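S.K.: Spelled out, the chains give:
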Amino acid sequence: MEIRCWRICLMAVAGLLSASGIAQSTPPNVPLSDRVVAYQIEGKYDAKTHTLDANELLTYTNKTGVTLDKFPFHLYLNAFQPKSTWVTESERIGSRDFARGTPWDDKHFGSNEVKSLEIVGAGGVTEDVTKQMKFVSPDDGNADDRTVFEIVPPKPVAPGESIQFKIHFVAKFPDVVARTGYKRDFLMAGQWFPKVGVWWNGAWNCHQFHASTEFFADFGTFDVKLTLPAKWNVGATGLETGTKDNGNGTQTVSFHAEDVHDFAWTADPSTNVVEDSIKLRGRTVKIRMLMQPGHMDSSQRYMDALKGTMRKFDEWIGAYPYPQITLVDPPHGGGAAGGMEYPTLITADTSWFMPHSMLVPELVVEHEFGHQYWYGLVATNEFENAWMDEGINSYTEVKIMDALYGRNTSVLNSRLGTLSEREEQHTSYVPMSDRDPLSRPAWLFVDGNSYASITYGKTAVMMVTLESLIGEKAVLHGLHEYFERYKFKHPTPAEFTASMNESVGQNLDWYWKQSIYGTETLDDRILSAGSERLDWYNKADEKKGVTIYHTQVIVHRRGTFDIPVLLEVKFDDGTTVREVWDGKDRWRKFTWDRTSKLVSAEIDPDHGNLLDRDPFNNSWVEKADRKAAGKVAGYWTLLTQWLEQALSWLA
Amino acid sequence: MTGSVRSSAGLVWRHQRLVWWIFAVNLVLAWLASLPARATLSAVLDHSLASARLVTGFDIGAFILLMQRPDVQPPSLAVGAVGASLVFLLYLLFIDGGVFTVYEEDRKLSRAEFFENAGLFFWRMLRLGLYSAVPFGVLAAINGGIASYAGKLSNEAPQERLGFFVNMGSKLVILLVALFVRLCFDLAQARVVRDNERGLCRTLWRSFKLALHSGELFVSYIGIGLFAAATAALGIGIWVYLPHSATGASFLVLELVTITQIASRLWLKAASARWVALLPSDVAIVMAVVAEPVVEVVEVIDVQAPVTEPLPEPLPEPLTEPPLSE
Numbered sequence: 001m002e003i004r005c006w007r008i009c010l011m012a013v014a015g016l017l018s019a020s021g022i023a024q025s026t027p028p029n030v031p032l033s034d035r036v037v038a039y040q041i042e043g044k045y046d047a048k049t050h051t052l053d054a055n056e057l058l059t060y061t062n063k064t065g066v067t068l069d070k071f072p073f074h075l076y077l078n079a080f081q082p083k084s085t086w087v088t089e090s091e092r093i094g095s096r097d098f099a100r101g102t103p104w105d106d107k108h109f110g111s112n113e114v115k116s117l118e119i120v121g122a123g124g125v126t127e128d129v130t131k132q133m134k135f136v137s138p139d140d141g142n143a144d145d146r147t148v149f150e151i152v153p154p155k156p157v158a159p160g161e162s163i164q165f166k167i168h169f170v171a172k173f174p175d176v177v178a179r180t181g182y183k184r185d186f187l188m189a190g191q192w193f194p195k196v197g198v199w200w201n202g203a204w205n206c207h208q209f210h211a212s213t214e215f216f217a218d219f220g221t222f223d224v225k226l227t228l229p230a231k232w233n234v235g236a237t238g239l240e241t242g243t244k245d246n247g248n249g250t251q252t253v254s255f256h257a258e259d260v261h262d263f264a265w266t267a268d269p270s271t272n273v274v275e276d277s278i279k280l281r282g283r284t285v286k287i288r289m290l291m292q293p294g295h296m297d298s299s300q301r302y303m304d305a306l307k308g309t310m311r312k313f314d315e316w317i318g319a320y321p322y323p324q325i326t327l328v329d330p331p332h333g334g335g336a337a338g339g340m341e342y343p344t345l346i347t348a349d350t351s352w353f354m355p356h357s358m359l360v361p362e363l364v365v366e367h368e369f370g371h372q373y374w375y376g377l378v379a380t381n382e383f384e385n386a387w388m389d390e391g392i393n394s395y396t397e398v399k400i401m402d403a404l405y406g407r408n409t410s411v412l413n414s415r416l417g418t419l420s421e422r423e424e425q426h427t428s429y430v431p432m433s434d435r436d437p438l439s440r441p442a443w444l445f446v447d448g449n450s451y452a453s454i455t456y457g458k459t460a461v462m463m464v465t466l467e468s469l470i471g472e473k474a475v476l477h478g479l480h481e482y483f484e485r486y487k488f489k490h491p492t493p494a495e496f497t498a499s500m501n502e503s504v505g506q507n508l509d510w511y512w513k514q515s516i517y518g519t520e521t522l523d524d525r526i527l528s529a530g531s532e533r534l535d536w537y538n539k540a541d542e543k544k545g546v547t548i549y550h551t552q553v554i555v556h557r558r559g560t561f562d563i564p565v566l567l568e569v570k571f572d573d574g575t576t577v578r579e580v581w582d583g584k585d586r587w588r589k590f591t592w593d594r595t596s597k598l599v600s601a602e603i604d605p606d607h608g609n610l611l612d613r614d615p616f617n618n619s620w621v622e623k624a625d626r627k628a629a630g631k632v633a634g635y636w637t638l639l640t641q642w643l644e645q646a647l648s649w650l651a
Numbered sequence: 001m002t003g004s005v006r007s008s009a010g011l012v013w014r015h016q017r018l019v020w021w022i023f024a025v026n027l028v029l030a031w032l033a034s035l036p037a038r039a040t041l042s043a044v045l046d047h048s049l050a051s052a053r054l055v056t057g058f059d060i061g062a063f064i065l066l067m068q069r070p071d072v073q074p075p076s077l078a079v080g081a082v083g084a085s086l087v088f089l090l091y092l093l094f095i096d097g098g099v100f101t102v103y104e105e106d107r108k109l110s111r112a113e114f115f116e117n118a119g120l121f122f123w124r125m126l127r128l129g130l131y132s133a134v135p136f137g138v139l140a141a142i143n144g145g146i147a148s149y150a151g152k153l154s155n156e157a158p159q160e161r162l163g164f165f166v167n168m169g170s171k172l173v174i175l176l177v178a179l180f181v182r183l184c185f186d187l188a189q190a191r192v193v194r195d196n197e198r199g200l201c202r203t204l205w206r207s208f209k210l211a212l213h214s215g216e217l218f219v220s221y222i223g224i225g226l227f228a229a230a231t232a233a234l235g236i237g238i239w240v241y242l243p244h245s246a247t248g249a250s251f252l253v254l255e256l257v258t259i260t261q262i263a264s265r266l267w268l269k270a271a272s273a274r275w276v277a278l279l280p281s282d283v284a285i286v287m288a289v290v291a292e293p294v295v296e297v298v299e300v301i302d303v304q305a306p307v308t309e310p311l312p313e314p315l316p317e318p319l320t321e322p323p324l325s326e
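Note that the protein sequences, when read in sequence, are chains X and C.
Letter by letter, the first sequence follows residues 1 to 651 of this note's numbering.
Letter by letter, the second sequence follows residues 1 to 326 of this note's numbering.
Hints are computed from structural coordinates only; laboratory data are not their basis.
Where hints are given, some of them may not hold.
[To be verified] Derived pair list, reagent style PhoX-like, types lysine-lysine, alpha-carbon separation capped at 25 Å:
1) C/LYS152 x X/LYS107
2) X/LYS172 x C/LYS152
3) C/LYS209 x X/LYS48
4) X/LYS544 x X/LYS584
[What the hints assert, rightly or not] Label pairs and their computed distance ranges (CB to CB):
5) C/LEU175 x X/ASP625: 26 to 32 Å
6) C/SER245 x X/ASP585: 38 to 44 Å
7) C/ILE236 x X/PRO293: 44 to 50 Å
8) C/ASP71 x X/ASP606: 23 to 29 Å
9) C/PRO135 x X/ASP625: 47 to 53 Å
10) C/ILE142 x X/ASP105: 20 to 26 Å
11) X/VAL580 x C/SER245: 43 to 49 Å
12) C/ALA43 x X/THR575: 25 to 31 Å
13) C/VAL177 x X/ASP606: 38 to 44 Å
14) C/PRO135 x X/GLY518: 43 to 49 Å
15) X/ALA319 x C/LEU175: 53 to 59 Å
16) C/SER76 x X/ARG415: 27 to 33 Å
What you are looking at is a predicted structure, and each value in this text was computed from that prediction instead of being measured.
All residues carry an ideal CB built from backbone N, CA and C; glycine is no exception.
Please model the entire structure based on the sequences and the hints provided.
M.R.: Here's what the structure looks like:
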């Protein structure tokens, strides 16, 4: 009894504290993650040369269970050099930043130069191992790629032991490209410091930077001090812990972040700071937005989208564990910095005069905040399993944009036309549906288009289609369980599918095998449908309700994806019949003998199967309706008339 | 300017049969060009429940999926549209001789007269049309170059809006220059018809000089262009607010927009035809010898005109022989 009273009192106090927001003002020191790494970085930014001269002290704790005798590091900024793998691949297959064949421009040059690398030994004695740095190219053997180097410590690091690396480096930022760099005075500093690889599945995982790959890193803590021009607004991962005016026209801003696996920061003298907060499960999360003055009309749109998204993730997936989220609005011309995620910091995207009917700012904010879960917290390997962050995030994007802005109007809500997020993903997937499997490492896709369509689009439509098989609630419940199980971890595709199977209580391996590991495509259709008199030889008049008709519908599977098919048939007496076909054969014939004729036959009547490439052949209506063809053909006629008019300017 | 605009509008109104004929050909050609698209779309949509997404609203996702079908090939369908446009261009060049004759003489021509004039001037109109492709092509290239430069400015100039303003400003200037080029060629067409001129380069050069001195006419062109833009904006504005399912009403409104665009183009031609018709036949000599602006010559004529009219109504005598060269 006494113990119960104490418990109740403690719970009441805890509840009061959290409700008043006091709990979040002192960040919890209980580690949420393994905290394999601890970075302490002090850097000085030269705004004229766009360079950062910095010292990094990395403490790596060996939690792998095996002795480590070498350490690979990423130097991502070296990707922005003409002979690097990133630039070469962009030139050959295209990327978001460089269209195929774009000439190299020196303004995009970037580099991470390690000036010295020391290993701190017992008693703080350091050993200079700079000369032992060895650049490696594990993916393509490109000797000119300098995005990964390895170092062999003098003494192997046993399980449970720690090792400290002291690195003096200079980061040269490019004119903004691939979500990092400067534009005028604006700077978005992403992937700017030497970052150690991840020991994953019994080996080091440290890939080169490719045109279509992103990042993978271990969780830990970051303490970063940045010296830059005074009065510049600075935003970064984590929380600002102090600002010191150095009296020489510079300031030093300090940040602390814990249980994150990356650190990004931004600085700009002209941004407006917009602050607000949101209460989720009794915890207050601070929202800080760094807005360009010319984009202030998008400010409220960003804020509403961010809050709506945070609420939905909190409701459906799980709690956001950090005390702050920072949103960075890149300037005009700096779009290459937009639409990117870093832990507790996202970059948005808008433009002047952005119409309210175009929900681009909302979409980008939703997507990037979603990455706080699918990348930030569930920290999958973005090099090898890009669909697990970008793709699953695209699915939650569909769900949340639909919920916030309407199922048919979540991307474009104009009087001229509408576009939904699910259809955007669907139309992106369809033309590339048979190119690459989801399971393919990102840099091995046939080209950038296939990477984008499959990674984002196919995963989204795969998960939406799964809803049509097991129900929306089951899928969201499965994702919630997966999140809770793998937050602050690095799950594999097998762990995802196993978690989903277990959560929904079904073995869905048949589905995962085709949709994740295969390139099977799906195009089910109504091959033929119609009714005719059963007594076709009888010349007497038909009598409604008396004459019996033989109705036949043939469903045909054109693709190679096996999936159950639901058929809905409507008759002219108002009755509706639903039949299920397991989809195992090439076709299935359904027949009925009854006193009513066929009105329509439709497969996937709830329109949930987005893996189906063609929705137009999914149904057959007995009575032709020429309105749609007339409307589209009418517009085609009109466009031709206007083209005629335009050309007649020569007459 | 108002008198010039009003009187040329009167010409278009009095001879509105031309507008209707041109519109009919425009519509029929486009309809014929869209027949393959109509057949393809009918095969896909007429018996599909999914087609409702294009009727009750305009679902862009459904439209993209429709265009992605292998049996719907937008590029091949576009070939028909381009072909129809070329035929329409040829048709307009063919009837230009008749059209200018109607506007210059301000009387209803018999069918035989109209087509006689059309045939008489067709080859010259065709050549002028081809010549006009050169300056318009150059303008298009300049526009592309400036747009590219403006894009670069947007990315790199210290003032982030500089590129935007350069782009918008240059577009306005290019639009005005294009209108001026069109004015030169319209005057040339009008002179070819009035004076039966055969030396097209010489005619173009004279028309260019005449255009330079015809500020009032150029302002009329700008006014008529603004009218065309305003009516298009109004029509499209009305169309946007029509229900998606009102396909018939939508079609009618957009066809009205098309008619106003055709009428506006003819209005420009009528303004030029009237302007040239009012010139004395020896204006070229006067310009060459006295080196006075054409506008002043016109003013001298104005003094002799009836007081009630800002510009003389009687048309000058048709030339019986070609004017002397400069």
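S.K.: Now tell me if each hint is right for this structure.
M.R.: Do the hints match the structure? See the list:
Distance hint between C/LYS152 and X/LYS107 is fulfilled; the C-alpha atoms sit about 13 Å from each other, no more than 25 Å. Note on X/LYS172 and C/LYS152: the hinted pairing holds, with a Cα-Cα distance of about 22 Å set against a maximum of 25 Å. The hinted pair formed by C/LYS209 and X/LYS48 fails the criterion: a straight-line CA distance of about 54 Å is larger than 25 Å. At roughly 37 Å between alpha-carbon atoms, X/LYS544 and X/LYS584 are farther apart than 25 Å, so this suggested pair is violated.
For the pair C/LEU175 and X/ASP625, the beta carbons lie near 43 Å from each other, so the given range of 26 to 32 Å is not met. Distance hint check: the CB atoms of C/SER245 and X/ASP585 are about 40 Å apart, consistent with the given range 38 to 44 Å. As the Cβ distance of C/ILE236 to X/PRO293 is approximately 33 Å, the hint placing it in 44 to 50 Å is violated. In this structure, C/ASP71 and X/ASP606 meet the distance hint of 23 to 29 Å, their C-beta atoms being roughly 26 Å apart.
Between C/PRO135 and X/ASP625 the beta carbon distance is about 49 Å. The supplied range of 47 to 53 Å therefore holds. Roughly 24 Å separates the CB atoms of C/ILE142 and X/ASP105, a value that falls within the hinted 20 to 26 Å. For X/VAL580 and C/SER245, the hinted distance range of 43 to 49 Å is not satisfied, since their beta carbons lie about 34 Å from each other. For C/ALA43 and X/THR575, the hinted distance range of 25 to 31 Å is satisfied, since their beta carbons lie about 29 Å from each other.
Here the CB-CB span from C/VAL177 to X/ASP606 is close to 57 Å, at odds with the stated 38 to 44 Å. Taking the beta carbon of each, C/PRO135 and X/GLY518 are about 58 Å apart, not inside 43 to 49 Å as hinted. A C-beta distance of roughly 57 Å is found between X/ALA319 and C/LEU175, which places it inside the suggested range of 53 to 59 Å. Under the hint 27 to 33 Å, the C-beta atoms of C/SER76 and X/ARG415, about 31 Å apart, fit the expected range.
The structure does not agree with the numbered hints 3, 4, 5, 7, 11, 13 and 14 stated previously, though it agrees with the rest.
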